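Enquirer: Chain by chain, the residues:
Protein chains: 4
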Amino acid sequence: MNKPKIGIINATGYTGVELARLLCRHPGVELTSVTGRSSAGKKLGEVFPHLADLELTIETGLSEVDLAFSAMPHKESAGEVIPLIKQETRVVDISADFRLKDAAGYPAWYDFSHPAPELLKQAVYGLPELHRKEIAGAQLVANPGCYPTGAILALAPAVKAGIIEPEIIIDSKTGLSGAGRSLSLGTHYAEANEDSSAYALGGHRHLAEIIQELSRLRPEPAPAITFVPHLVPMTRGILTTGYASLAAGGIPIDRKGTEELLQLYRDFYRDEPFVRVVAVPPHTKHTWGANICFIHPTIDLRTGRLVVVSALDNLVKGAAGQAIQNMNLMLGLAEKTGLEAPAVYP
Amino acid sequence: MNKPKIGIINATGYTGVELARLLCRHPGVELTSVTGRSSAGKKLGEVFPHLADLELTIETGLSEVDLAFSAMPHKESAGEVIPLIKQETRVVDISADFRLKDAAGYPAWYDFSHPAPELLKQAVYGLPELHRKEIAGAQLVANPGCYPTGAILALAPAVKAGIIEPEIIIDSKTGLSGAGRSLSLGTHYAEANEDSSAYALGGHRHLAEIIQELSRLRPEPAPAITFVPHLVPMTRGILTTGYASLAAGGIPIDRKGTEELLQLYRDFYRDEPFVRVVAVPPHTKHTWGANICFIHPTIDLRTGRLVVVSALDNLVKGAAGQAIQNMNLMLGLAEKTGLEAPAVYP
Amino acid sequence: MNKPKIGIINATGYTGVELARLLCRHPGVELTSVTGRSSAGKKLGEVFPHLADLELTIETGLSEVDLAFSAMPHKESAGEVIPLIKQETRVVDISADFRLKDAAGYPAWYDFSHPAPELLKQAVYGLPELHRKEIAGAQLVANPGCYPTGAILALAPAVKAGIIEPEIIIDSKTGLSGAGRSLSLGTHYAEANEDSSAYALGGHRHLAEIIQELSRLRPEPAPAITFVPHLVPMTRGILTTGYASLAAGGIPIDRKGTEELLQLYRDFYRDEPFVRVVAVPPHTKHTWGANICFIHPTIDLRTGRLVVVSALDNLVKGAAGQAIQNMNLMLGLAEKTGLEAPAVYP
Amino acid sequence: MNKPKIGIINATGYTGVELARLLCRHPGVELTSVTGRSSAGKKLGEVFPHLADLELTIETGLSEVDLAFSAMPHKESAGEVIPLIKQETRVVDISADFRLKDAAGYPAWYDFSHPAPELLKQAVYGLPELHRKEIAGAQLVANPGCYPTGAILALAPAVKAGIIEPEIIIDSKTGLSGAGRSLSLGTHYAEANEDSSAYALGGHRHLAEIIQELSRLRPEPAPAITFVPHLVPMTRGILTTGYASLAAGGIPIDRKGTEELLQLYRDFYRDEPFVRVVAVPPHTKHTWGANICFIHPTIDLRTGRLVVVSALDNLVKGAAGQAIQNMNLMLGLAEKTGLEAPAVYP
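Residue numbers (my numbering), protein chains in the order written: chain A, 1 to 346; chain B, 1 to 346; chain C, 1 to 346; chain D, 1 to 346.
Watch out, some of these pointers could steer you wrong.
[Said to hold, decoys possible] Listed below are the simulated DSBU-like cross-link pairs for lysine-lysine, each with C-alpha atoms no more than 35 Å apart in a straight line:
no. : chain 1 : residue 1 : chain 2 : residue 2
1   : D       : K256      : A       : K101
2   : A       : K101      : A       : K121
3   : C       : K86       : A       : K75
[As the list claims (entries may be wrong)] Going by beta-carbon spacing under 10 Å, a handful of chain B positions derived as facing chain D:
no. : residue
4   : Y14
5   : R181
6   : S184
7   : H188
8   : N193
9   : T235
Note that these hints are calculated values from the structure, not bench results. Everything numeric in this text was worked out from a predicted model, so none of it was measured. Backbone N, C-alpha and C fix where the C-beta goes; we use that ideal spot for every residue, glycine too.
So here's chain A without its partners, still in its complex pose (with noise of 0.2 Å):
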């Protein structure tokens, strides 16, 4: 009966409303606190009309709860965290400022200094298939990035199994929810719409907990990772081109190959819950509002290399949804819980 409490830190930006989407339907627990900036002191569902049956009323700061999602932006997540996690309320952050176990990452990627560099290693990077077990004893689970989520997950087995020569080149398209909801010239519609754009040559942040996971999974030799993030004219939706050689000796290169690296893949996430490896190159309209990830492992057999594409909803698998599954880890309740709706086609 008593369910846990939970609360979002700062609900008005897409990450923090689909969280709310989600949670208000959850069975398990009870969304009972959300705060905002702008919008403190107006029903939620004042501000989004689609979540008019929601009650709550946007506050300035959190009441107590059992367990807290922050949804602020890096730098300024650590802020809410800290005096959370001090206090003992359990936290997933959505946010950068955890997700790095080098504190030295802090200001060579996101140019600040870590105000809690201890926090670092108690905190668990939230990416269930491959750190389910931490998770659910973590008092603070960083959530990955949008970005990290599909190329993780769509390299993760090939790194692990050795299979690959550790060049790699991620090649990602996002749609533009993953810019947020502040305003920009890039995201403004008329310069966004039948546009397409690379960006962040220089290196993109995400590409710093990319190369922490993939190097956890195999040390040696170190993965030399080339990360270009593109934009291209929809609302939701990350897919992730991976390309690296296939190592000698491992899987040939050939028909038969295609099918072993399929296997091997399929084998990788078996049973995961929000993971399925496919056969044909997969959709980003086909994760719409779902906690899914589509995984497609091939070979270029001319060349012998890996090529691999994942597809995912940047608000859900690559945020809000992600953090329920950590949620519910955390919390004891069964791993789908209140994931389970297919998504929404076409």
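Knowing the structure of chain A, use the given hints to seat chains B, C and D on it.
Expert: Below, chains B, C and D without anything else, positioned relative to chain A:
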């Protein structure tokens, strides 16, 4: 424990697959049989990867069920429905084949003679907001068209109350999923993207049921309705704008009248679970994937006209969701069962 | 050899940059000066890569030119235009600041008192199809709004001929470039994509000029116009649907009347280079980038109403293209000069 | 006065109609004959309202012309082109039928035996930036594919200069007009909108000509290219991202090397009218409707890799525009004639 068994005839069109999406998570029924023409023998989840968890195989003919949805095109649907009715299977027909009370409407609007005119009287027009009680006891429910749902809900309170003149303009804007999954040049991406156009200026078939239902609310004077549908470049959603002069002696043409009008609509839809009267113009985006119709009535004070705007998802409240709402009523289930998920936004 | 020198005030908004695109290829004039607020000092082609061939630098103030376009926002534009007029530079003002003949319209519709009401009489409303001769001799042309261009052209033949009742409904659907380059939540990609909505139900400012111009065509009885603009998810294009009852004793309400109506429109626009009366409903896509307005008039035979649909590109015939058409007339150039490129399709 | 007469075989596909759009305003030639299969006998402007000013009637067979474009699909095009070549009409073939130098490529990549292998040597691959001189004197020019244009232009300077290793990844993102005007489920609006996907992972046909042309620039060591095309939801545009490791001893892997690389590209394309090397990542939107390819080369300093991004409009520089550029060269006209209009933005 013994949940009613449900079937879908033609599950491979957009309405059929949307029924499957909603039914697979419905706690009160069991989807046990789906049919399709081109893909018979395949798993539904093979054809539609977002439904990969569903174990159903597409059949050529329906297995025995307690209630069947027909998502066949008009004219063909009657051929499927009539035998089911004879064998006392309850049916929600999503085609137009049993919507018109007057058999003469079929040759006039749909170019065929109705094969079972006696069923037209028995069939109930499945707009729960107007016919809830009859639906509950019906063996055959004719699910409204997508345009009529938005148009009738937008105008019903005003027509019923007699506050407008019978000269009504209805201007609707629909996304392209309304045109179905069959290929045509008009729904070819490169043609439809970045395009808006009007069509069916000679009279869209859905006008027949709009006239029928609004006339039943207020037979005299008969409404004189112009209905023009437009295609706009989005996948889901219908926005309908209705216009009519306020009748003399009714609602006053001033700010107070605007409030009075809003209250009249709120009273009309009080306790309706799937209609929300709102004080600002609604957005189709807030209905994406959800069984909801937003309605905003106001007065053009310069001309003394009612202007009313409704927004819904053509595949949910405009088709599959409303069909399930009808099913819930027919089976004595709580009307909201399986239809409570909020829209996916943004 | 000495081509007239042309300037653009505020070349960095969408209308300004569209003027630059069209003028840079115009054989009869020379674009010599462009101003902008935020980007002064940069090359125009730096800010807008599609104009990289243009050698113009964005200035803070206009150099001496023979004719200037003001693409400033309303209220601010008058401040730029008045001094130019005083120094006898000819001006096409694309803002609303000189469109209304009645100075009282400015506080009522635009929330400011007009700083130079005496110029309102002198200014010519720049719709060449109605005011070609006055435009040719004008020093100051007020370029029509994007909505009014489509609405007035759609209704002018019917109003002028007196074949419709004065009760008129105008329902317009616009792409998002019409909202300009300034950022707002409503034009944020993730909000605007896959969304349609109505706005300005209390009365859009463009209504004032629609009433003014249609009244000038037929002062009595005064038209009673409801105008509702809608946002649909495309970059360019306005589709306008007009509705009015046919007046008794005019066009017959039958197939022959439909032909008669079409002929009346064809006669009205005979020899117009940028209006094309068509026998099927037009598509905004066929106007992309071109100075053209398609118009399709027909009769709803059930109700005896005129239904007329127009399509144009809001940035071309709805703004920059029409402004150049006006410039051509003012400079005695052939009206089509620089405006002959067909639309880019698909 | 006697302008060369030009014909288009199959003017009713997207490339054909784009040729007509560009040719109808071309000052140096006269479009005198267009053919089409389904719409023969109709005016071109009836089928394509944006070309309503064109007086051409669609014929079943080409009239006598000085130069013909074939916009037929591959395999069928050769059948049209061969007789023209025999009667000494000059031809720009936009299909793939004369692009490959090695006749064995046709059964391998296109599933047919080439009917005139002797013409393959005579045909010139129509990428003016690489083969300008041969094009000028050619009787038969094989216009490059849309993907190869963006990919070869992006990589040619690096390959030619020998600054990269031969292991190359090419990841392209295309709009849907690239799939043509023929209907398919994948280009059905409701399927393609809000979707991104990879396709042809087993090897896209365009890879053959990419390999051929890059190998000609530097035969040894032979390039090992993986090319993966992706569909993204826009009408026009191809964005291509190329990846390759910098060869040891060449460009230094530091900021200075980045400048050196940019300079190398600028030198390579110096004086090219339709290639623009840019210092920031390009946007496909800035190429809409224009014969331009933007290229941005840079170095991923972490891994020492070249990352190069190109953007073009698949129907212009990727097809019809480039074909006219080739025609200009063949006819001794200034290369930019008829191709100077800037992109339509936004």
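Enquirer: Each hint needs a verdict: does it hold in this structure or not?
Expert: Outcome of the hint check:
no., hint, verdict
1, D:K256 x A:K101, "holds (32 Å)"
2, A:K101 x A:K121, "holds (6 Å)"
3, C:K86 x A:K75, "violated (55 Å)"
4, Y14, "holds (7 Å)"
5, R181, "holds (7 Å)"
6, S184, "holds (7 Å)"
7, H188, "holds (6 Å)"
8, N193, "holds (5 Å)"
9, T235, "holds (5 Å)"
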